[in-house]
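Enquirer: Chain by chain, the residues:
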Amino acid sequence: MSKTRASGRTVGGLRSLSLQAPAVTLLLLWMLVPLGMTVWFSLQRYNLLMPGMESFAGLENYEYLFTDPALWRAMGNTLLLVGSVLVITVGGGVLLAVLFQQEFPGRGIARVLAISPFFVMPTVSALVWKNMMMHPSNGVLAWLAGVFGLPAVDWFSSLPLTSIIIIVAWQWLPFALLILLTAMQSLDDDQVEAARMDGAGPIAVFFYITLPHLKRAISVVIMIEMIFLLTIFAEIYVTTSGGPGLATTNLAFLIYIQALLDFDVGLASAGGVVAIILANIVAIFLVRLVARNLES
Amino acid sequence: MKLAYAFPLAGLAVATAAQAETITVATVNNNDMVIMQSLTEAFEEAHPDIEVNWVVLEENVLRQRLTTDIATDGGQFDVMTIGTYEAPIWAERGWLVALDDLPEAYREDDLLKPVRDGLSHEGTLYALPFYAESSMLYYRTDLFEEAGIEMPEQPSWEEVREWAAELHDPDNQLAGICLRGKPGWGENMAFVSTLVNTFGGRWFDEEWNPELDSPAWQEAIAFYVDLLGNYGPPGASSNGFNENLALFSRGNCAMWVDATSAAGKLYNPAESQVADRLGFAPAPVAETPKGAHWLWSWALAIPASSEKQEAAQAFLTWATSQEYIELVGESEGWTSVPPGTRESTYENERYQEEAPFAGFVLDAINSADPTDSTLEPSPYVGVQFVGIPEFQSIGTQVGQTIASALTGDTSVEQALQSAQRATERTMQRAGY
Chain Y
1 MSKTRASGRT
11 VGGLRSLSLQ
21 APAVTLLLLW
31 MLVPLGMTVW
41 FSLQRYNLLM
51 PGMESFAGLE
61 NYEYLFTDPA
71 LWRAMGNTLL
81 LVGSVLVITV
91 GGGVLLAVLF
101 QQEFPGRGIA
111 RVLAISPFFV
121 MPTVSALVWK
131 NMMMHPSNGV
141 LAWLAGVFGL
151 PAVDWFSSLP
161 LTSIIIIVAW
171 QWLPFALLIL
181 LTAMQSLDDD
191 QVEAARMDGA
201 GPIAVFFYIT
211 LPHLKRAISV
221 VIMIEMIFLL
231 TIFAEIYVTT
241 SGGPGLATTN
251 LAFLIYIQAL
261 LDFDVGLASA
271 GGVVAIILAN
281 IVAIFLVRLV
291 ARNLES
Chain C
1 MKLAYAFPLA
11 GLAVATAAQA
21 ETITVATVNN
31 NDMVIMQSLT
41 EAFEEAHPDI
51 EVNWVVLEEN
61 VLRQRLTTDI
71 ATDGGQFDVM
81 TIGTYEAPIW
91 AERGWLVALD
101 DLPEAYREDD
111 LLKPVRDGLS
121 HEGTLYALPF
131 YAESSMLYYR
141 TDLFEEAGIE
151 MPEQPSWEEV
161 REWAAELHDP
171 DNQLAGICLR
181 GKPGWGENMA
191 FVSTLVNTFG
201 GRWFDEEWNP
211 ELDSPAWQEA
221 IAFYVDLLGN
231 YGPPGASSNG
241 FNENLALFSR
251 GNCAMWVDAT
261 SAAGKLYNPA
271 ESQVADRLGF
281 APAPVAETPK
291 GAHWLWSWAL
301 AIPASSEKQE
311 AAQAFLTWAT
321 SQEYIELVGE
331 SEGWTSVPPG
341 TRESTYENER
351 YQEEAPFAGF
361 VLDAINSADP
371 TDSTLEPSPY
381 VGVQFVGIPE
391 FQSIGTQVGQ
401 TIASALTGDT
411 SVEQALQSAQ
421 RATERTMQRA
431 GY
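Chains as they are written, first to last, in my numbering: chain Y, 1 to 296; chain C, 1 to 432.
Calculated from the structure, these hints are not laboratory results. Any given hint might turn out to be false.
[As the list claims (entries may be wrong)] Facing chain C, a subset of chain Y residues (Cβ under 10 Å, in silico):
1) 60
2) 68
3) 149
4) 240
5) 257
[Stated by the list, open to error] A short list of chain C residues far from chain Y (calculated; beta carbon distances all over 10 Å):
6) 20
7) 46
8) 52
9) 56
10) 62
11) 64
12) 68
13) 155
14) 158
15) 161
16) 348
Heads up, the beta-carbon is just placed ideally off N, CA and C, and yes, glycines get one too.
Kindly produce the complete structure, drawing on both the sequences and the hints.
Expert: Take a look at the structure:
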């Protein structure tokens, strides 16, 4: 019996199942009840401001949602936001990881400083960027532009989505750096040295040794960031409120508008269901990709 | 959604103490309400059996919390701070306690009529006004004198544009005019609606068909985008009431059209650098004087879900009473008293003396008519809003679209077309 206990499957399968059952049931309830309620609400005509008008609506909410031009704009913005931030953080993260791997005086302090933005709360960093960096009259960037004799940029009006991408990338670049730097430290120095002796320059070393070595770490970074970036909310709420127009409305913000500004529970739930489906599609592809990478 | 279910739990946490009854008052973080909070002790001294627990929130957050609480029958609050928009709609749904047995000493007949009417449903009062406001034009007398401009009794928008162009001086951090640009039905749309009104437009025709792509809207929005875009402060599309108040009181705006309730702050030298060179005039007009200035009041109401309605009513009648106004006048200075609610405030000589804008504000409030605010007849009540539940959603969407026109993201014509389409969809969904 003791032989098989580690896997808990072959012998006494029923017993171990009965032991697992409470935990599994609780987890299922934890997940299924909210999910079931969201799906149920999404089939209802239910607006908080219209008490007593609740009725079964069938797929009306979905129909309304999918004919709403705002949905497609929000999906586009979501993908653009996630994509751009991923490119910036992974690209920048790899370069910074290589840089911070070099020996230089004060390296420890420099590393801590480079990683620290990740520990700033999203709302706080959004406020700092809004009022101290990107403000068209008081901001550091406006001052910098003035030094070079250029007109100040009104970031959140003229480049709204770009501004959000900059803020979010600033927050997540340290995360990528942290993971990639750790991976860099497991890179075998002998290998690099051997390549050097064979006459490989720094660029060749980077492309043929460092980058392949970082592949797994990069796929982990992409997966984790993707999960969090799909639901970016605080940065948008604090800075642009999804505007001007719909320029910075992503899926999460659209659902917020429907639920807490329009109080349309049915429509917001339908939006939630769509978001779940979208997240799952993305997740399936990613998990496959990462799993393949980790196996090879 | 989950939020709505969490509220009753949060309510349990604030379990009541044994003897003294605790009432929870939800209010907005505006200056006058902060003063009310600081004077709680005076109320508790007069009512030893009542304790007051405060929830002070920013306007948008307050609306969300209150609406979810009252619509789900949460019962978390005993006194709610709501506005002219919510009061009749919520009263109609039976969410508010009717205030038809106010004590004689409260002097209900002292309340200004337009304000009282705005908070009533079918003739019954459902909320008591804490302060009320209309809108007006503030300007800097020093700049106007320097440029040799004479302010007429009733300025027109065309004149305002000329003055803004003349006074605009971005190199010295001075904008020709400051206006609301921050999206939201209670932010930019409050102002934009009055502008559209005076350009001769309306939100809906008598059959409830939206008219957002009408020539009057086109003209008004094009004017607004041109005026604020060219002669406004940088970042105008994210400035709301509070941001503009800060800009004007620091001397960064030559003109500002906004709520009369800002006057008290602007005339207070401790809070405003322009207190000694401040002029004011009625809100500018274009085609018609109708609906050129708005009517709004922040009021206190008791939700039907409250279990401490008597204590709540005691607080309500205290905070909106004549004595309270006098208390604020004595302790905080007369320019700080909540304006716009009572005849007696305006009869008070101390107030007249220290607040030169008093009579002017009284006229503005008394002359705003929410039942007749558009050139052509409209089916709705409200000057700067439409008194139907769907308006929150419509106003927010249209506000966003107008903001995108302001930043040049879309053209005025495109913006109004998409606003029209969005409004049609919402109205269709609501079954109009």
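Enquirer: Would you mind marking each hint as holding or not holding in the structure?
Expert: Hints, verified against the model:
no.: 1; hint: 60; verdict: holds (9 Å)
no.: 2; hint: 68; verdict: holds (7 Å)
no.: 3; hint: 149; verdict: violated (13 Å)
no.: 4; hint: 240; verdict: holds (8 Å)
no.: 5; hint: 257; verdict: holds (7 Å)
no.: 6; hint: 20; verdict: holds (33 Å)
no.: 7; hint: 46; verdict: holds (37 Å)
no.: 8; hint: 52; verdict: holds (27 Å)
no.: 9; hint: 56; verdict: holds (18 Å)
no.: 10; hint: 62; verdict: holds (12 Å)
no.: 11; hint: 64; verdict: violated (5 Å)
no.: 12; hint: 68; verdict: violated (7 Å)
no.: 13; hint: 155; verdict: holds (27 Å)
no.: 14; hint: 158; verdict: holds (26 Å)
no.: 15; hint: 161; verdict: holds (21 Å)
no.: 16; hint: 348; verdict: holds (40 Å)
Against the hints set out earlier in the document, violations occur for numbers 3, 11 and 12.
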